[in-house]
Amino acid sequence: MGNGELKNVRYTAAYFRREEDLIAAAREARAAGFEIHDAFTPFPVHGLDEAVGLRPSRLTWIALIAGAMGLGAGLALQIWTSVYDWPLNVGGKPFNSFPLFIPVAFELTVLFSGLIAICVLLARNRLWIFSKRLVFDRVTDDRFVLVLKARDASFDINKAMVIFDRAGALRVIEGDQFV
Amino acid sequence: MSTKDIETQEYIPDHLLDEPTITPVIRPGHTFGTVTDKISAIALTRKTPRGWYIGFAIAFALAMMLFYSLAQLVLVGTGIWGLNVPVAWGFAIINLVWWIGIGHAGTLISAILLLLRQNWRTSINRFAEAMTLFAVACAGIFPVFHTGRPWLAYWLFPYPNTMKMWPNFRSPLMWDVFAISTYASVSALFWFIGLIPDFATLRDRARSRSGQVIYGMLAMGWRGSARHWHRYETAYLLLAGLATPLVLSVHTVISFDFTIGITPGWHATIFPPYFVAGAIYAGFAMVLILAIPIRKFYGLEDFITMRHLRNMAKIMLATGLIVGYGYMMEAFFGWYSANQYEGFMIRNRMTGPYAPFYWALIFCNIIAPQILWSRRMRNSVPVLFITALIVSVGMWLERFVIVVTSLHRDYLPSSWGMYRGSFWDWSTFIGTIGLFVALLFLFLRFLPMISIFEMRTILPQAEVKEAKE
Amino acid sequence: MSEISYAAPAEIDHYRQRALVIGVVALVLCAASAAIIKDRIFFSYLVGFVFWTGVALGSLAIAMLHQLSGGNWGVVIRRLLESATKTFPLLAILFLPVVAGLLFGDLYEWAHIEKVTGKEREILEHKKFYLNTLFFLGRAAFYFIVWISLTYLFNKWSREQDETGDRRLQRKLQILSGPGIVLYGLTVTFSSIDWVMSLDPEWFSTIFGVLFMGGQGLSALALIIALLVLLSKHEPLASKVKPAHLHDLGKLMLAFVMLWAYFNFSQFLIIWAGNLPEEIPWYIRRLQGSWKWVGLMLVVFHFALPFFLLLSRDLKRNARRLITVALLVVFMRFIDVIWLIAPEFQEKDFTARKLGIVMDFVALIGVGGIWMWFFLSRLKERPILPLHDPNWEDAES
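Protein sequence lines, in the order shown, are assigned to chains F, R and S. Using my numbering, the letters of the first sequence map in sequence onto residues 1 to 179. Using my numbering, the letters of the second sequence map in sequence onto residues 1 to 469. Using my numbering, the letters of the third sequence map in sequence onto residues 1 to 397.
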């Protein structure tokens, strides 16, 4: 599955009033063999990841690796500049004053880890300032939307409608070229 | 009986006071829609109140005074500040430490309380984070202008240059550069990331074209996708996990500015934890000073309830006690160390020419806040406001006493001196307060001051669902 | 509530008797070794005493913090913590050998001021007001009175809460815990100065009390986590302790590991950078010769390894792995206390120095065995879970 872009594929979207309705509909639709494209909610809904079928994010690992890079870069920078490139005697302290290098190394660990994690987050979510994407009505306010893919003829709209109705959908819309 | 009645009534049985039904983090009766309406209206539709213009004008005037003072400093030189040997470090470092400390409460509320799953943080974290950013901006002004040639401030960073010189990484002042710039960057990003979903709400609700375009750009195409939320939550927790040790490290590094040297009164191993506690203490005092008028002025008592104020008072009491512990250790070890310089410094602090400042700070930071032990007092908004003001003053005095008393009596009596800030010291300091308040006014006017999407998650209907699972 | 009995599992009796036998044997060994290593045995004994007092104190602090902060994590360990705090009367008796070391041995240099000369004598004369035998004993008595009264009240109300479920008792416990934490902070600070810092009467460090608080919290938490995992093999804990509890406790342990490292690094960096003749000798003794490797070991196994392991969410939720880390931390806490105390033994008696390290461990086991026996006996007396803790409902779901 891509990152929320759906080219030349029809979709069906159902609106819900409550998050539990959304979760119920998502679970049932998945069980009935529908392909869930995505869900849209005004806040992070607990348990939705699992209902929609998302794998745990690997962002933590990226941050860990980035942090290790920051630590390495911080120590390397300080040791190279203070011990090898231009050693200066300041206050009689040894050139390699390793304990005194720890604070800066720590700060760089946090800086690298934080910056890289955020960049990856923005990139993976394709968030950028000139983004022009379809936003469902009131989904940033008080509505919950479930979007199913209608890829081919096997998509049974009536079956989907039954599931939506049972979960208490407010309305259902169909469309194509979902961006 | 409505919640309002309970809050104003005389006596609540002790054991019931913290029951969520009595004082919730959000007053009952709100839905997703009303929360969105109420908070976004301040930025979008509500008429800007006249009080806002008056307040902003005053703050803006003070900020102009800051810029004038700084221009004066650049034109004439750092000599216009009252610094001289032996007190070569005065307002510049005092105000740096004071402002940075104030900023720490914002990070604490947004990061540590998030990790501790304290959901009451939700209604205050946004403006506390804004406070952090503005406070760090004010703090940064002092060391940069203290260098005398702020346009060369980039010399502080390690970059290959024509002189082939590197910064001295053994100096804690270098660590400050890294610590504060990391802190500023990570806090700003944390704040911005937190704002994205709310920008999307504003974008979708804005009626004016300019609002739609500007909020639309800031929202960066956010549309609440489950996939996006999934990564977003991971990133948000991750940033909280990073910000927590970061905030500790920043004030620790600030304390290293003093402790890494061997000046009596500064070279004390207790400084790192006691500076961190002091920072949180002053920061929470500032959050209270801001939250109390804001909730009144914008009618946000539904979202910033007595429970918030009480909890902040408790944190203030706890951190204030840690600060008191720090003073006690300094005094005790001044004697126990059997070092004549340490002993003299402590005696001079308590009985010397700056003794009134020392005892004033003891009153402000140690004695006055003890009133918060009383539950009645913690429930009184005026008492909280006044205590917070006293603590803010006390924490400024604390930094003044630490910085000045250790310097003004040098080892040789021939190099003794006295220090008081010059006119320009004061105008710069008061000017930064103006800048801080002015930025805050702009923030209140144009951005959602309470995190809308997080408020939705703590609505009772969201909780019902969670309990059922 | 439910039909399950909340009585402590009967298996405790096994552990209890074994602990007593091991403890007594180890302490007899300690006494016997005095024939060879003489005064050094007092240092070993002090190691054991300081560590296990730290466990009781750390438990007291965590129990009081839990009263103030609330939260799920505390419910399942509350009874373990409370039982640990009931050991202060025993610890007061176990303090007597330290008193013997002070009066008859060479444990505290300042107690024999007449043997000291020169500049050092001047310093000791200056500190004589604080560092003298009578005041030292008076203070120790005061600490124990404070700890015993605090824990007496705490456990009394806790028992009443079990019996009656009166919610006002919760408030009472909270009102006790606020000032209780303050008293804890002050007594721990001054007792750490008295018992450990004054081993080198010239040295001082203002963070020392804080360092002890962090260490004690960590010792207590790690040990209690290990015990909880062991006991949760049996009912009633088996059905009550959930991965979510372990997760929270694991996070708390991670926080304490980081705090411990933070306090120690702060002290080290400041003293190392200052390099003053009255401060640096303390570190020179601990970072030269073989002690250097112990110091390095502390950095790696007391901080780095548990830190990285505890970052993992899966590890924190897995009882078997969490107990491994908890036991590693307990062991490293032993090493840390040894590292704080043993290098202060300055005599050139190499047998005593070498064998002394072995006896440090024997003393840790000896005092620990007796302590554990007493602790488990207290644990047996009451239901293993608090019946009316207000955080209880949450904890059950």
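Please note that a few of the clues may not be correct.
Keeping only pairs whose Cα atoms sit at most 16 Å apart, straight-line, the calculated EDC-like set for lysine to aspartate or glutamate is [said to hold, decoys possible]:
1) K38(R) - D85(F)
2) K38(S) - D106(S)
3) K164(R) - D85(F)
4) K127(S) - E278(S)
5) K47(R) - D142(F)
6) K128(S) - E202(S)
7) K172(S) - E160(S)
8) K119(S) - E109(S)
No lab work stands behind these hints: they were computed from the structure.
Hints, one by one, checked against the model:
no. : hint              : verdict
1   : K38(R) - D85(F)   : violated (59 Å)
2   : K38(S) - D106(S)  : holds (10 Å)
3   : K164(R) - D85(F)  : holds (9 Å)
4   : K127(S) - E278(S) : holds (15 Å)
5   : K47(R) - D142(F)  : violated (24 Å)
6   : K128(S) - E202(S) : holds (12 Å)
7   : K172(S) - E160(S) : holds (11 Å)
8   : K119(S) - E109(S) : holds (14 Å)
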